[in-house]
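The chain contents come next:
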Amino acid sequence: MSEPMVRAEQVHKSFGPVKVLRGIDLEVRRGEVFCLVGPSGSGKSTFLRCINHLEQISAGRLWVDGRLVGYRQKGRKLYEMKEREVAAQRRDIGMVFQRFNLFPHMTAVENVMEAPVQVKGVPRARARERAVELLERVGLGDKIRAYPAQLSGGQQQRVAIARALAMDPKLMLFDEPTSALDPELVGEVLDVMRQLAEEGMTMIVVTHEMGFAREVGDSLVFMDGGVVVEAGHPREVLTDPRHERTRAFLSKVL
Amino acid sequence: MSDIRDQEPEPGKAAKSGAGPGPVPPVSAGGPPAGPPVGKVPPEAVKAIPVRHYGRWISAAVVLFLLALLVQAFRNADIAWEVVGEYLDAETVVEGALNTLWITLCSMLLGVVLGVVLAVMRLSANPVLSSVSYAYIWFFRGTPVLVQLFLWFNLALIFPVFDIGFYEADMNEVMTPFMAALLGLGLNEAAYMAEISRAGILSVDRGQTEAAHALGMSGAKTMRRIVLPQAMRVIVPPTGNEFINMLKTSSLAYAIQYQELFLAGRNISSRTLAVMEMLIVVSVWYLVLTTVFSIGQYYLERYFARGSDHRLPPTPLQRIRAQLTSFRVRSKVRGASGEVTV
Ligand SMILES: Nc1ncnc2c1ncn2[C@@H]1O[C@H](COP(=O)(O)OP(=O)(O)O)[C@@H](O)[C@H]1O
Ligand SMILES: [Mg+2]
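For the record, the sequence lines run as chains A and B. UniProt numbering numbers the first residue of the first sequence as 1 and each following residue consecutively. UniProt numbering numbers the first residue of the second sequence as 1 and each following residue consecutively.
Don't take every hint at face value.
Unchecked claim - Coverage of chain A stretches by chain B, computed from C-beta distances (three or more under 8 Å per stretch; other residues unrestricted):
1) 77-88
2) 106-119
3) 146-153
4) 200-210
Please keep in mind that the hints were generated in silico from the structure rather than gathered at the bench. From a predicted model like this one, the values you see are computed outputs, not experimental measurements. Where a beta carbon is used, it is the ideal one built from N, C-alpha and C, also for glycine.
Throw the hints in and build the complete structure from the sequences for me.
Printed below as a string of structure tokens:
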């Protein structure tokens with residue numbers, strides 16, 4: 001069996017005295033769509049941010065593509081990575097935020113080109129070509145010159161997805177990508193994500209869209225209070241939850 | 001009749017189109033109908049007698065009267081206006097104005113660049129950098145510019161030789177009035193620009209830094225490409241004010257013999273004794289310089305506001321053009337309301 005894309009062993013994270021993650025164990029296989037659900041404040045975003053080292057874990061081990069996140073191991077000692085090494089690790093992990101976080105002073109196409117040009121040193125002309133291609137893929141070929149403020153929420157989120165894809169990531173993290181959207185705009189973003197899943201991208205998706213999880217997801221983990229309460233295939237967990245807490249949560253969101 | 005009218009059903013028609021009897025107009029108990037009958041208001045432009053603003057007329061008259069008194073006073077004052085006219089474009093005065101412009105540009109450049117560096121230092125996680133920045137701001141904001149100008153100008157008293165390893169010179173030759181003015185004004189300005197830049201950097205949403213980091217951008221690149229351009233929207237307006245302040249504050253450099261506008265005026269008036277006249281000449285020049293800068297600032301603000309709004313307000317030029325065509329626009333609006341159709 002091949003190495004999993006993400007492996008977490010007893011991942012803990014505290015902010016001062018506040019323990020947010022209390023020992024997360026899970027594995028995300030290559031090419032799968034891994035859904036993370038749970039009540040607000042259960043630590044889903046924090047876990048996602050640990051995966052690309054936007055947060056440093058307090059205890060445990062976390063591997064992406066077989067490499068420790070944020071540390072180098074030599075013998076039995078751990079060395080913290082330098083900023084450059086951390087940045088290099090993040091290049092291969094795309095992230096999509098709840099609030100889009102597009103760069104407002106750049107047009108859609110400039111948003112998508114920025115990282116390839118600045119981080120990978122891709123020539124501008126080639127980066128632009130690729131960016132236009134990606135924007136067309138998410139259905140925004142006619143919006144390449146629009147500033148984020150001129151786009152709807154759904155369009156902004158699709159630009160954000162294109163921006164992450166421009167770095168050719170091997171793993172995509174989605175943190176509630178549709179939670180800030182008007183209901184009628186949710187579908188267009190989920191469609192892009194579905195298409196991405198079909199192309200075989202490994203995706204970790206924090207979401208409250210149970211329909212999407214059931215239909216597209218390969219695994220689903222229910223988190224509460226910083227621990228994994230229940231894990232399994234989405235259809236099993238969603239139709240026949242074994243734990244009382246899962247049942248209580250699902251009855252609220254379904 | 002226009003087709004617009006045909007498409008929009010009138011309230012009266014709509015009420016009658018139902019199969020049953022039309023709605024009964026509201027009638028107050030035992031009296032005539034309250035208000036106009038429903039569905040009878042014609043859909044035309046509102047024509048009403050505007051409110052009369054008597055207060056405005058009175059206050060305008062008072063202010064105009066006071067202005068007239070002021071003009072009268074100046075006409076009777078003992079000012080040789082022909083002297084003002086004569087020196088307005090005198091060579092030394094123009095040269096002084098150019099020097100004022102030059103020292104302002106140079107000191108602001110020094111102030112802005114150093115100020116941004118100080119702001120980034122101040123926000124850095126490195127305690128040495130942030131304390132040094134703090135101490136710098138504390139010192140340069142806490143002492144008067146005039147004192148700082150004299151400190152630089154008299155530096156030769158304590159360091160007679162300027163020596164930085166590969167270059168050595170007599171301090172009096174290095175510390176010319178221009179150098180002293182540049183250091184005095186620029187380093188002082190950096191302290192203020194540091195605070196302005198810090199506020200600008202802090203105004204940028206944290207999500208922006210996170211998005212850039214998640215894409216693999218380094219801290220320095222994130223600052224330069226993502227944070228600072230957005231901080232500019234907050235930084236530029238107060239910097240414009242600093243620029244205009246600097247134009248005027250640079251007149252203090254006359255005290256260390258820098259040949260700027262004010263000193264040029266002083267030199268002439270000490271010869272010709274036309275004190276007030278030269279002060280007026282100098283003031284006119286300062287007004288010209290500050291006005292030109294204000295216009296530049298306006299366009300700079302527009303540039304850095306790009307992407308921040310759906311539509312930018314029109315520039316003055318665009319507004320004038322729009323006003324020239326506004327008659328046509330207004331008649332179109334009326335046509336749509338159904339009164340006039342050309
Ligand atoms: N930077 C931080 N400092 C302190 N507390 C934090 C920080 N980030 C998150 N938390 C806390 O961690 C908890 C979990 O947050 P989060 O991971 O965002 O939950 P979720 O995404 O599941 O809603 C919350 O109680 C939140 O207040
Ligand atoms: Mg969250």
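Hint check results:
1. 77-88: Our answer is that it holds, as 4 residues pass the Cβ test (under 8 Å) against chain B, meeting three.
2. 106-119: holds (count 6)
3. 146-153: holds (count 4)
4. 200-210: This one is violated; 0 residues, fewer than the three required, reach chain B with a Cβ under 8 Å.
In the structure shown, a violation is registered for the earlier hint numbered 4 alone.
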